[in-house]
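Undergrad: Sequence:
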Amino acid sequence: MKILIIINYIGPIRVFLFNKIYDYLKKHNRNLKVVFLSESDKNRNWKREQGMKFDYTILNNFAIREHGKDLNTFFINLGMIKLLKSENPDKIICFGWDHFAAYAANWWARKNKKEFILWSGSTKYEPSWRRTLFGPLVKYIVKRSHKFLSYGTRSKEYLISLGAPEKNVEIFYNTIDVDFFQEKIRSFTDNQKNELRKKIGIKTTKTILFSGRLIEMKGIFEMIVAFKEYLKKDSNTSLILMGTGPDEEKLKEIIKKDNIKNVFFAGFVQYKELYKYYGISDLLLFPSRQDIWGQVVNEAIACGLPVITTEKVGASADLIENGKNGYIIRENCAECISESIDNVFKKNINKTNNSTQILEKIRVDNILKEITIL
Numbered sequence: 060m061k062i063l064i065i066i067n068y069i070g071p072i073r074v075f076l077f078n079k080i081y082d083y084l085k086k087h088n089r090n091l092k093v094v095f096l097s098e099s100d101k102n103r104n105w106k107r108e109q110g111m112k113f114d115y116t117i118l119n120n121f122a123i124r125e126h127g128k129d130l131n132t133f134f135i136n137l138g139m140i141k142l143l144k145s146e147n148p149d150k151i152i153c154f155g156w157d158h159f160a161a162y163a164a165n166w167w168a169r170k171n172k173k174e175f176i177l178w179s180g181s182t183k184y185e186p187s188w189r190r191t192l193f194g195p196l197v198k199y200i201v202k203r204s205h206k207f208l209s210y211g212t213r214s215k216e217y218l219i220s221l222g223a224p225e226k227n228v229e230i231f232y233n234t235i236d237v238d239f240f241q242e243k244i245r246s247f248t249d250n251q252k253n254e255l256r257k258k259i260g261i262k263t264t265k266t267i268l269f270s271g272r273l274i275e276m277k278g279i280f281e282m283i284v285a286f287k288e289y290l291k292k293d294s295n296t297s298l299i300l301m302g303t304g305p306d307e308e309k310l311k312e313i314i315k316k317d318n319i320k321n322v323f324f325a326g327f328v329q330y331k332e333l334y335k336y337y338g339i340s341d342l343l344l345f346p347s348r349q350d351i352w353g354q355v356v357n358e359a360i361a362c363g364l365p366v367i368t369t370e371k372v373g374a375s376a377d378l379i380e381n382g383k384n385g386y387i388i389r390e391n392c393a394e395c396i397s398e399s400i401d402n403v404f405k406k407n408i409n410k411t412n413n414s415t416q417i418l419e420k421i422r423v424d425n426i427l428k429e430i431t432i433l
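Per this note's numbering, the sequence shown starts with residue 60, numbered consecutively.
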């Protein structure tokens with residue numbers, strides 16, 4: 060049996076995931092082909108990944124891009140049908156519905172009596188004019204899909220609301236290489252941590268980390284207001300902002316104008332170096348106003364950190380238990396952020412790793428044992 064996966068672009072987590080799926084399918088005498096609609100996108104700064112075990116193709120494309128605070132890309136790959144005819148897969152697994160290839164592949168699968176599986180992370184919390192405009196098309200492709208894989212609980216609920224039969228929806232958690240982060244954290248020495256703190260300029264005993272695009276949608280402005288308030292309670296705390304984005308300069312202006320101390324910009328950090336910043340931190344703050352998942356939550360709990368995030372972040376429903384390994388708060392609420400930071404440190408949630416069972420369910424090998432669709 061040949062299985063063909065369609066996804067928009069190459070990324071470090073995706074290479075890890077598809078290598079794992081390749082190994083699993085090989086044991087069951089199945090072949091895997093991955094089709095990337097593009098090598099990357101304009102708002103992605105990852106280095107090109109090596110070590111892909113699986114067979115893959117990068118299709119030629121042209122892209123329609125909506126430029127705003129963040130970049131939204133609709134890839135058009137006119138070679139999709141030709142490739143499907145050539146590969147003639149038995150099963151097509153398509154990530155998302157926000158590209159031309161999804162509809163082309165769905166049409167081809169129906170025409171040739173092949174199984175079409177939709178893999179989706181979307182939740183009800185990402186309303187936009189694009190969703191309103193393409194709503195009928197989304198319901199159309201859901202109706203014409205045979206089975207479904209969802210990132211987590213929230214995306215499963217959304218697929219069902221669009222008409223997917225619950226019995227045909229399985230959860231394949233939007234996960235990371237848990238072992239990589241755990242091994243790196245264990246081998247990250249105190250001397251190495253102190254060297255990084257010194258390099259950044261951190262002199263406080265507590266460190267809070269934000270990881271993500273520096274855009275309003277990620278909740279960065281309410282976050283900085285909350286941090287300013289928290290410093291009144293404990294000035295011995297630093298905030299690292301790891302990432303870049305279009306609102307970076309505006310954020311720096313606010314910090315300077317309001318004379319907010321102990322804020323450090325780390326810039327963009329390559330995937331394999333991320334653990335270092337988790338390793339010197341006590342808490343991940345990810346107050347995004349909407350995020351279909353938020354893999355930084357996975358990364359943080361794999362490194363033993365508690366997480367403060369919002370109910371509009373998909374991962375919150377599956378990975379965070381209030382008061383145990385973090386807090387789920389309302390979005391766009393500086394007061395909620397400040398109070399939760401205080402609770403984490405007062406209750407010493409940052410001193411214990413309470414995510415062991417959660418980590419087990421998001422390990423890829425364990426997920427693959429439960430999935431029947433592949």
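Source of the hints: derived by calculation from the structure; they are not laboratory data.
Where hints are given, some of them may not hold.
Here are the simulated distance ranges between beta carbons [said to hold, decoys possible]:
#1 319 with 383: 29 to 35 Å
#2 259 with 87: 44 to 50 Å
#3 401 with 226: 43 to 49 Å
#4 259 with 394: 25 to 31 Å
Just so it is clear, CB atoms sit at the ideal spot from N, CA and C, and this is done for glycine as well.
Undergrad: If a hint holds in the structure, say so; if it doesn't, say that too.
TA: Verification of the hints:
{"no.": "1", "hint": "319 with 383: 29 to 35 Å", "result": "30 Å, holds"}
{"no.": "2", "hint": "259 with 87: 44 to 50 Å", "result": "47 Å, holds"}
{"no.": "3", "hint": "401 with 226: 43 to 49 Å", "result": "44 Å, holds"}
{"no.": "4", "hint": "259 with 394: 25 to 31 Å", "result": "28 Å, holds"}
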